[in-house]
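A.B. asks: Start from the sequences, fold in the hints, and give me the full structure.
Residues per chain, in single letters:
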Amino acid sequence: MRKLALSDEILLSVQQPARYIGGEVNMVVKDPSWVDIRFCMSFPDVYEIGMSHLGIQILYDMFNRREDTYCERVYSPWTDLDKILREQNIPLFALESQDPVKDFDFLGITLQYEMCYTNILQILDLSQIPLHSRDRTEEHPIVIGGGPCAYNPEPLAEFFDLFYIGEGETVYNQLLDAYVDNKKQGRSRRDFLELAAEIPGIYVPCFYDVTYKNDGTIAGFKPNNPHAGEKVTKELVVDMDQAPYIEKPLVPFLKVTQDRVVLEIQRGCIRGCRFCQAGNVYRPLREHGLDYLKHYARQLLETTGHEEISLSSLSSSDYTQLPQLVNFLIDQCSSRGINISLPSLRIDAFSLDVMSKVQDVKKSSLTFAPEAGSQRLRDVINKGLTEEVILQGAMEAFKGGWNRVKLYFMLGLPTEQREDMEGIALLSEKIAEVYYDTVPKEQRHGKVQIVASSSFFVPKPFTPFQWAKMCTKEEFLERAYIVKNKFREMKNFKSLKYNWHEADVTVLEGVLARGDRRVGTVVEAAYKNGALFDSWSEYFDNSLWEKAFEDCGVDPDFYTVRERSLEEIFPWDFIDAGVSKEFLKREWQKALAEQVTPNCRQRCSGCGARGFGGGVCYEDQD
Amino acid sequence: MKIRIKFLKQGSTKFIGHLDMMRYFQKAMRRAQVDIRYSEGFSPHQIMSFAAPLGVGITSNGEYFDIEVLSTDSSKAMVDRLNNVMVEEIRVLSYRKLEDSGKSAMSLVCAADYTLKFRENNRPVDLDGFFRELEDFYGQEQIRITKQTKKGQKEMDLKPLIYRLERRGEEIFMQVSTGSTDNIKPELVMETFYQSRQQNFPEFAFRIQREEVYGRDSRGLLIPLEEFGEDIE
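Taken in sequence, the protein lines are chains A and B.
According to the numbering used here, the residues represented by the first sequence are 8 to 629, in order.
According to the numbering used here, the residues represented by the second sequence are 203 to 435, in order.
Derived from the structure by calculation, the hints contain no laboratory data.
The beta carbon of each residue, even a glycine, is placed where N, CA and C say it ideally should be.
Among the hints, a few may not be true.
[As the list claims (entries may be wrong)] Rough simulated footprint, nothing fancy, chain B against chain A, three-plus residues with beta-carbon under 8 Å:
id : region
1  : 8-19
2  : 28-36
3  : 128-141
4  : 191-197
[Said to hold, decoys possible] Under the rule of at most 25 Å between Cα atoms (straight-line distance), these lysine to any residue pairs were calculated in the SDA-like manner:
id : chain 1 : residue 1 : chain 2 : residue 2
5  : B       : K349      : B       : R370
6  : B       : K319      : A       : A12
7  : A       : K262      : B       : R225
8  : B       : K319      : A       : E16
[Stated by the list, open to error] Quick partial rundown of chain B residues pointing at chain A, CB under 7 Å, derived from the structure:
id : residue
9  : G213
10 : D222
11 : Y226
12 : R233
13 : G259
14 : F339
C.D. replies: Next comes the structure, spelled out in structure tokens:
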């Protein structure tokens with residue numbers, strides 16, 4: 008019988024005990040006493056969210072291929088168990104062996120969104136690992152962070168020993184080899200950090216000192232250890248088909264958010280939307296070959312038994328062999344009761360044809376992401392979607408039987424004016440009118456339903472908008488009311504629905520996204536005030552954060568609404584993410600001049616990512 | 203072709219709820235490439251139905267569900283194929299063919315066996331005394347209880363629904379009425395017993411295990427659900 012860290016009494020008194028027992032299909036079992044490295048991989052959110060993440064599954068598989076390594080997992084205990092672990096002083100444990108995380112060699116934490124930062128401290132705290140890197144000894148695991156938020160790791164600098172900047176498939180083996188060597192030679196934690204600092208893509212925060220000017224901006228950011236370089240260059244997989252993918256993904260017992268096979272078809276994006284961090288930091292676009300994808304589609308469906316397969320990428324329509332891939336999947340799946348899900352598709356004749364084959368038209372809805380309400384503002388953000396294309400796509404979809412449309416927008420984008428906000432309502436109205444013009448009365452299944460949602464814009468590092476001033480909470484809400492009121496004036500008001508996001512949490516996300524080391528003290532204070540699961544609206548309590556800012560003497564406005572000069576040194580400037588600061592500046596200025604930039608397949612814009620030697624930059628050149 | 207599958211659910215898998223077990227087996231059918239029948243329509247689902255849901259926290263040596271298949275290998279081969287894709291603590295025990303007119307496991311269920319083991323902290327000091335009292339309790343002509351139902355409280359006699367209640371070494375064995383009408387949980391029997399002794403029933407008093415689930419054959423005898431089917435050679 009498998010050993011469990013928690014007693015029956017505890018497991019039967021918490022919600023969803025299956026979150027804490029491990030033992031899932033395809034879980035890797037090894038004898039911990041036979042390995043050199045015990046690595047615990049963590050997603051700092053609840054199990055059902057964490058288990059849905061593809062990146063961890065890739066690394067889990069990759070690490071466990073090493074004979075000398077046993078990689079296990081841990082997620083954030085839900086608030087009910089959190090309380091019990093604290094009361095009974097039970098150390099947080101890994102799901103596989105059920106052993107305490109504090110006894111591992113590594114604790115790897117993926118940083119997928121800013122609002123999980125207090126949960127990182129929860130994981131450390133419940134594991135009984137000191138929160139601060141400087142307080143850890145030879146007894147404690149090396150705490151390493153990676154993932155999108157590692158592109159500005161500074162708010163978390165105090166809590167991590169290492170950050171891995173970029174894509175995980177490349178230098179982890181080198182890092183683990185260095186760890187084993189160091190351990191076998193009986194050398195110290197600090198020796199290992201020095202070895203790690205010399206590996207490309209690895210950032211050791213304690214080997215850098217930051218100085219600040221009187222106005223609070225950064226004066227200098229310098230290494231204080233000879234092993235640490237001035238710049239850390241992101242790691243990137245040059246040839247996607249050479250990178251390891253998952254052979255046997257874990258299949259949870261619980262219904263998790265992403266309860267399906269996820270097939271990554273490409274990484275990166277050619278589009279260059281100026282608000283999008285992923286579109287910049289994952290440059291250049293690199294595709295998987297068709298044979299590779301066919302092989303893994305078959306393999307993953309077989310080893311998991313999932314009833315759905317989903318293609319993953321930032322913009323699936325840009326995958327050059329999409330029709331061949333989709334036809335293959337339809338061929339494979341339709342007779343076996345397997346659904347195909349195709350997110351992030353551009354709505355056009357091809358995608359509508361495919362969607363009508365794989366989905367129930369009556370039940371599904373179409374999604375457009377115009378992101379901004381007017382063409383002017385769409386030019387500013389470089390979103391190459393025009394009103395004409397949207398209306399044309401909607402018309403074809405309505406002819407095909409769809410009558411539900413979802414529209415995604417952002418509010419608070421740079422240069423946004425009242426007309427841009429009102430454009431959200433006007434565009435929604437135009438789509439409704441297309442429906443009533445296109446579909447004759449007798450063929451209508453009730454009203455057309457158009458749901459427009461807006462999130463509030465957060466400027467992110469390594470985007471052309473990293474210089475942008477963010478709105479205040481009041482400005483955000485004012486803008487949402489302008490849109491809402493405009494919706495009321497529309498002729499087809501009853502067919503339209505408008506939702507908007509919460510503003511408090513957006514402002515906080517803005518602080519953390521472009522924060523520096525001083526923001527780390529606020530994260531810790533907020534955690535100590537009780538902030539946890541901040542990305543869950545029912546748990547988010549802004550007052551805990553307000554108090555933390557006040558107690559730490561940190562002004563959130565400095566990070567959000569301040570104007571930044573082009574000369575300012577940003578906390579993340581020591582990272583070379585591929586896209587040069589010069590390129591980002593050019594794009595920022597073009598944005599303000601309302602000029603669009605063509606996509607990577609139309610014309611190279613010299614962003615700097617060509618230096619990696621692969622991907623779309625070299626297409627049609629071999 | 204109708205098939206009945208028997209499996210056991212042990213150890214940590216007792217924390218997996220009924221709906222998640224159904225999803226688990228749906229995926230297992232695909233991994234084992236069972237040629238299962240799907241319903242018609244735009245989102246086809248597997249033809250699969252479970253006999254009697256098992257509560258979270260209870261292990262079992264005899265769980266059942268029925269499926270329909272379009273083709274099949276021998277029982278032995280299918281059991282092996284399924285066990286190759288199971289997790290360690292869930293094992294398929296039998297895979298048997300039912301007659302086309304055979305009733306579903308769910309509609310057949312009318313009794314189940316349970317064993318209850320004392321947890322360490324709940325073991326009575328006077329074990330023999332405990333079992334004597336249990337025997338007296340079961341020996342009553344009537345065991346009146348008030349059951350909380352959706353429509354309010356209902357007075358009922360538990361006695362005819364407890365088919366057997368006896369000592370087996372240090373364990374309690376019981377066979378109780380199970381199914382859509384008169385579904386008796388072993389906890390209810392024990393709770394009633396504790397109340398009859400003027401004691402509170404401790405929440406985690408026993409480790410409970412379901413041992414077998416029964417239906418009635420044409421003569422009205424209780425027989426294990428798997429015996430309604432036959433092995434495929």
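A.B. asks: State for each hint whether it applies.
C.D. replies: Here's how the hints hold up against the structure:
Counting residues of the region 8-19 of chain A whose C-beta lies closer than 8 Å to any C-beta of chain B gives 7; at least three are required, and the coverage claim holds. Counting residues of the region 28-36 of chain A whose C-beta sits closer than 8 Å to any C-beta of chain B gives 6, which meets the bar of three, so the coverage hint holds. Requiring three or more residues with a Cβ within less than 8 Å of a Cβ of chain B, the coverage given for the region 128-141 of chain A is violated, as only 0 such residues are present. With a threshold of 8 Å between beta carbons, the proposed coverage of the region 191-197 of chain A by chain B is violated, since 0 of its residues qualify and at least three are required.
The hinted pair formed by K349 (chain B) and R370 (chain B) fails the criterion: a straight-line CA distance of about 28 Å is larger than 25 Å. Between the alpha carbons of K319 (chain B) and A12 (chain A) the distance comes to roughly 21 Å, so the proposed pair stays at or under 25 Å and holds. Restraint check for K262 (chain A) and R225 (chain B): satisfied, since their Cα atoms lie roughly 8 Å apart, inside the 25 Å limit. Of the supplied pair hints, the one linking K319 (chain B) and E16 (chain A) holds, its CA atoms being roughly 15 Å apart against a limit of 25 Å.
Residue-level restraint check for G213 (chain B) holds (minimum Cβ-Cβ distance to chain A is 4 Å; threshold 7 Å). The criterion of a C-beta within 7 Å of any C-beta in chain A is met by D222 (chain B), whose closest approach is roughly 5 Å, and the hint holds. Annotation: interface hint on Y226 (chain B) holds; nearest CB of chain A at approximately 6 Å, less than 7 Å. A hinted interface residue such as R233 (chain B) counts as satisfied when its beta carbon comes closer than 7 Å to some beta carbon of chain A; here the least separation is about 4 Å, so the hint holds.
Proximity of G259 (chain B) to chain A holds as hinted, the smallest CB-CB distance being about 5 Å (cut-off 7 Å). A distance limit of 7 Å between C-beta atoms decides the matter here; for F339 (chain B) the minimum to chain A is near 26 Å, and the interface restraint is violated.
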